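> Protein chains in written order, with our numbering: chain A, 10 to 461; chain B, 10 to 461; chain C, 10 to 461; chain D, 10 to 461.
Worth flagging that the hints you see were computed from the coordinates, not collected in a lab. Values in this document were obtained by computation on a predicted structure and should not be read as measured data. Hints may be right or wrong, so weigh each one.
Chain copies aren't distinguished; within one or between two, either way the pair holds.
[Stated by the list, open to error] Straight-line alpha carbon distances no greater than 20 angstroms define the calculated EDC-like cross-link-like pairs of lysine to aspartate or glutamate that follow:
#, residue 1, residue 2
1, K180, E41
2, K426, E341
3, K191, E306
4, K24, E130
5, K426, D119
6, K323, E109
7, K26, E331
8, K355, E41
9, K438, E195
Residue-level listing of the chains:
Number of protein chains: 4
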Amino acid sequence: MAPRTPRPVVTVDVKKKTWEQPTPLHNRWHPEIPPVGEVKEGELFRVETVDWTGGQILDDDSAEDMKHIDLTTVHNLSGPIRVTDTSGLPAMPGDLLMVEICNLGPLPGDEWGFTGIFDRENGGGFLTDHFPAASKAIWHFDGIFASSRHIPGVRFPGLIHPGLIGTAPSKELLDIWNAREKALVEEGEKSVTLGKHLHTRPLALLPGAKGALLGKVESGTMDWERIAVEAARTIPGRENGGNCDIKNLSRGCKVYFPVFVEGANLSMGDMHFSQGDGEVSFCGAIEMSGFLELRCEILRGGMEQYLTPMGPTKLHVNPIFEIGPLEPRFSEWLVFEGLSVDESGKQHYLDASISYKRAVLNCIDYLSKFGYTKEQVYLLLSCCPCEGRISGIVDVPNACATLAIPIRIFDQDIRPKKGGPLAGPRLVKRGGVPTSSYDGHLPTTLNHAFAM
Amino acid sequence: MAPRTPRPVVTVDVKKKTWEQPTPLHNRWHPEIPPVGEVKEGELFRVETVDWTGGQILDDDSAEDMKHIDLTTVHNLSGPIRVTDTSGLPAMPGDLLMVEICNLGPLPGDEWGFTGIFDRENGGGFLTDHFPAASKAIWHFDGIFASSRHIPGVRFPGLIHPGLIGTAPSKELLDIWNAREKALVEEGEKSVTLGKHLHTRPLALLPGAKGALLGKVESGTMDWERIAVEAARTIPGRENGGNCDIKNLSRGCKVYFPVFVEGANLSMGDMHFSQGDGEVSFCGAIEMSGFLELRCEILRGGMEQYLTPMGPTKLHVNPIFEIGPLEPRFSEWLVFEGLSVDESGKQHYLDASISYKRAVLNCIDYLSKFGYTKEQVYLLLSCCPCEGRISGIVDVPNACATLAIPIRIFDQDIRPKKGGPLAGPRLVKRGGVPTSSYDGHLPTTLNHAFAM
Amino acid sequence: MAPRTPRPVVTVDVKKKTWEQPTPLHNRWHPEIPPVGEVKEGELFRVETVDWTGGQILDDDSAEDMKHIDLTTVHNLSGPIRVTDTSGLPAMPGDLLMVEICNLGPLPGDEWGFTGIFDRENGGGFLTDHFPAASKAIWHFDGIFASSRHIPGVRFPGLIHPGLIGTAPSKELLDIWNAREKALVEEGEKSVTLGKHLHTRPLALLPGAKGALLGKVESGTMDWERIAVEAARTIPGRENGGNCDIKNLSRGCKVYFPVFVEGANLSMGDMHFSQGDGEVSFCGAIEMSGFLELRCEILRGGMEQYLTPMGPTKLHVNPIFEIGPLEPRFSEWLVFEGLSVDESGKQHYLDASISYKRAVLNCIDYLSKFGYTKEQVYLLLSCCPCEGRISGIVDVPNACATLAIPIRIFDQDIRPKKGGPLAGPRLVKRGGVPTSSYDGHLPTTLNHAFAM
Amino acid sequence: MAPRTPRPVVTVDVKKKTWEQPTPLHNRWHPEIPPVGEVKEGELFRVETVDWTGGQILDDDSAEDMKHIDLTTVHNLSGPIRVTDTSGLPAMPGDLLMVEICNLGPLPGDEWGFTGIFDRENGGGFLTDHFPAASKAIWHFDGIFASSRHIPGVRFPGLIHPGLIGTAPSKELLDIWNAREKALVEEGEKSVTLGKHLHTRPLALLPGAKGALLGKVESGTMDWERIAVEAARTIPGRENGGNCDIKNLSRGCKVYFPVFVEGANLSMGDMHFSQGDGEVSFCGAIEMSGFLELRCEILRGGMEQYLTPMGPTKLHVNPIFEIGPLEPRFSEWLVFEGLSVDESGKQHYLDASISYKRAVLNCIDYLSKFGYTKEQVYLLLSCCPCEGRISGIVDVPNACATLAIPIRIFDQDIRPKKGGPLAGPRLVKRGGVPTSSYDGHLPTTLNHAFAM
């Protein structure tokens, strides 16, 4: 009997450009991007992916690549993969597609990754009003562990996962996405609370042909031109899964995806060696190329059986995730809290995003007392296995969000102690991260507590 | 040598009214509420508390008490307790007060609790636009386990914690609270995104003498009258800790509180047998009376050493929490996702509160397929050990929030399966919860997917 | 509806002698010891126990009490408790009795415990040939944590459990016990491998009237005299459960006991605040008085359904244990190994007891490099949450046993490091434990590696 | 900067015979077997191994290969590997060699394994007196999960580990091994308690040239002949580590080995996809070929600093293991107990091996009530992540050993319930395992409880 070796469905060559890959990649969502392979229910198969930027970031000590990154070309995805049952009938709209992540990891020979802060005027991140300049940290992997020459003194096991995995949208669903995101952009910053606080970030990225990669759609054709301007960008998670960035979606987990097109057309990419809840610096996980070994199952009619649409159409659903027993377990955590009062002291109403921003800022300031620069901590919180919780969402007017850091990832004891943290000559400086200049004109948020 | 038995500092009698307790309670924050006891650094001491409502809710099968609850009288707190070092010098402003939770539990003879939904026009909750009527569930405790005659088929270990614990504010901090919350109320609903979605809830509860309980402040005096109109309500968590509702703050945890007044003046109450992240139904934990065994330590000058204020003053800080090794560990979870698209299909910008609302709604709908009413699940998600995460907060325009349910708290397998959940005659109805009529006039949010 | 408070069935007064307790105790197993109370299936009830010695050990700094302890009077048990179903029919021989441990803890006002080494000629322990003199350590409890003035620098959460819990034997089972243990004693040391190594320990304790406590059996009667010489001692675990010393049998666990007599006649005692696997120093757990809150269920005919007897009769069975989700979880362990080669270098054949002895000795020597005396570590390994495993039992001729220590219970990092442990003036001596003189004549085992 | 890819030091070709491998293998311990490669401290390197039998067992449905396996040729090891510090100085006798297991797994293209019972007259296993005939089960891997067509209804994540890893012995240590094992064989069965119960198993396997594989030692030379008759067999774990079969020694763990020869000469093999504590059926883990990614560190003088020899020489030491944070965590266990009373009802004295045998027998009988044959369960307990504990080793005369099974690896609920397990037509038979005839003449142990 044959050993059960996963069948390769997509392979990549990280030395080649994204548009030169043996199996064509894509970086947009559209129902008409043709499958590059087909798998049967129950079959174990293997998919390789490039990193989300397709090789734009180098393992070096400069942040210039991070500063000038081209966002029109991301995320580079492997797929779509058509899924059929054992008799060859494809998954159909209305089914649920169960995808089990049996194994995954970095590509052999390419065992490294990066975490970055984007320039405030090129995408930015969650704290872009505090950290406007591009930075990066490079991570090397010792098996399950990651460590960085740019952030010494921390080492942690990766909870490897695909940041992005999803089924293809139908045309109807695609139209819904494009309409609602366009409305947001048109309504503009005035419509949003958070816009006042993160106001330099794009509200949404609407479809656009520039940088588009459409897999097997023949380039230069009228189809290509049409699809390129219709196809949705891949930045946000949506009804089809997509860029959910769920950090625990690792070995042994299952996802139940809604199926919107015949064959399901599963795509994936943006692999992370590790990520913190929120992925706060945006390019915030330890981004890498990698492989996944997957197994699918089709639950016929599962959408109606298990998902309740909520919204104007029956397509307004979300996938369900099942977490397995193989997470790293940390037994001690230091937890930082944030309430919905912003840096200027203004009271907001149950705004969990502002609360979480404050929790992250509190943690950055705290850890910077142990020898790190704030940029180092910002990058670290983006990618280490920290947990971001919505602890209280009803105690008007304050939402309470918390950020929990596993104590044992540090080589020093970071708990509060009588006498305070080591200071003066005893303090070991923990180096720094490569950072570019910020040449823009948008102001950095002041900490008024020190402006007095 | 004497056995190390905790010294009782506050005892309560649950058969008495809140204003008749042997040690006077308080339900407002104010620097001038005098201590009711004093403890030394290192000393193990015991504090008893009434439930947060002070006995307004009964162990019966009617939701009328929940409907007509008087919110002006909550939370009923035990304390303040003055803390000194071993030489008798009190904790001073600028210090950190470490409070270790050595043990805690329900009061012997009073081993039960309640979870409630408030009427939409009397406070409501996170999903009050979907669930406007008052409901409740009663829980009995078998040691570490809770079960409810109103929500059969679930049983889970409690992660007992104080929903509310904090130090007294200084006058300066109190003024900051009152000013910013007043500004929010005055600015009104137009100023908030969420106001459009939870628009019947009070934006904030401003100070008011009605229902005030001020401990040892002599009632009828001018001081009482002044303090009652200055003192802050206890609903939100704030810089002093307070009503943080952090569900993991159980046996073996430590909190590092900022000290704002001489003696620190620690108060606590609102004990929960168990709570889900978010405490979504507002009276959402398993609310109970209880006891705490605590130990304090003073970190002199710790505020400056460990906390970085962020805001207009040096008082804009938050406590830090350290989680211990004794949590119940669940190895399998079902995870529901929500994005910042609301029930009408409208796109919001990185709004984690809306994302979490959607994740909770998705979970309620899912679990209702297994024989439960939606009210039952709403109550269950408020109080069972579920985790609410901010998974992605940077993928414009969608924040991704997730709600993870431990699979093993149910007596049936709730995972998706081929063929769908049991239905028709095989479906076991899981009873219901006592629910009052909703006599208000505010509309319930429609699910447009079913309105087609 | 009434709150669900556990009904007290046995209460004790730790200030009274064991024979003066309000509810009579017993320290022997016999079918004719009458029940002291009755509980119904499903009912939550409470049992209090004295410590296993019945107050012979004091919270002081001398080991004289430990040296002269009277072993004829242990273990002091609470019960028997008769169990019936909801219609009043008692559990019957052939049934399984499920006992759920809903809660348990130290007795309020008596929050301390002790760990002891017995004199080599008064019972000894697992390493009595290395540690012949009596010693003790006193532990105080801060809620869930234990710490000792005699073993500074360690603090750990207790996994509280009853060392001894079991159903009453039938006369037939009692006769089997007495016959086989008498045969062992008569066959003598020549019959056992281990006798060569632990040869000063009693092989078994046979029935004897001296020190017997027989509950409600009227003292001075012929029945008393007869039962006292028939009744089994309580030291070993046997078919009825009994002194199994399973350290994880804590809150939320269930035991399925075989029922041998009408009513099951459940007894318990020997409560431990914490224990290491093996309880190596014999009086090795943190011994204490305490309370248990229990709930029973009767599985009619369950012995035949679930237990397969193995031996000459259908009574040769063992109980089954179900461990709950509430253990403390440690994520890092240091593991010591032992093989079945003894201290003289002699090879034994797959003898896991010798392997475990060697693993424990290896660990004692290792930890003594961090400032502790060997007696301190021996006591610590008896009572801290360490795990003893049979890792390999088939690789002839060596059984491989391992002892795993949770790293985080120490206030120093005990992992091997370049440069070795702190030594010389940097070494902090960790005090010592009170130890008596050893006045016997049996030789201590030499470490031949140092005798060269 | 170069990505940190592990450097291959030993590669194997599973299609080739063990004596035809590109890097020569060895199956004996001897100081003069020359290194096949060299690594530097801190370097990440990769070692591939064949399965312990070197390909003798096939992925088919017959147990004939298991019955006729040639034990003279095991274990097939990769190495020795010489370790130096960064300046090129080798590890020296008296140092400790830290080996970190950074990653490990099955060989790509060979993702399957086997578990076997050996014929009673060809090695047998822990329960060979109950199960004399050869059997086997084949396991296929879906990423981290193993499942078997021979034992349906179970699936569990592997805790992959090397069953055998160790440093080379010095000549002095080798002589000690050979002398003590020879003495055991010569003293014969009369000297051992267990011999009466497992009397058909070899007491030890002494050196012998038949089947020897000696790596780079040139075959046909006088050196080869001499070394072959001196070199120790690899079956037992010994002072150098070796075949310890510690099931938790997986990703992220460290081992601190004593160094006995210049360069340390590290060898390894016998990879297990998963193993139960005890590896009871002897060929009991899920045996497979595989790879390891390792990193070494040299602790100069570490043997004296950290290990205390116990025995006639300073070489009588054992390695230390450090377990990492990445184990699968199961939250619910069913625990079976065994006491030192054997199947004939005879009382033994604190014999943990007999207690563990009884615990395993109790578990086999229990699980066979759920549709499995006893052979299936025996194989399952050998390889699934079950834990074997020495719970009590001092309660004369009974040692108490326990075996804990994670409940969630089964597709049915195996807990005791009212009414008993499903029986009669409702019972689903769970197939069987391929089993050979037992043609020997040694009697099977009777269960006297059924012989009445």
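> Hint by hint, note whether the structure agrees.
Checked hints:
1. K180 to E41: within (9 angstroms within a copy, 64 angstroms between copies)
2. K426 to E341: within (16 angstroms within a copy, 23 angstroms between copies)
3. K191 to E306: Classified as neither: same-chain Cα gap 35 angstroms, cross-chain 55 angstroms, threshold 20 angstroms.
4. K24 to E130: Classified as neither; 29 angstroms inside a copy, 57 angstroms across copies.
5. K426 to D119: neither (41 angstroms within a copy, 31 angstroms between copies)
6. K323 to E109: For K323 and E109, neither the intra-copy (25 angstroms) nor the inter-copy (47 angstroms) Cα distance is at most 20 angstroms.
7. K26 to E331: neither (35 angstroms within a copy, 43 angstroms between copies)
8. K355 to E41: Neither, since 48 angstroms and 26 angstroms both go past 20 angstroms.
9. K438 to E195: neither (47 angstroms within a copy, 47 angstroms between copies)
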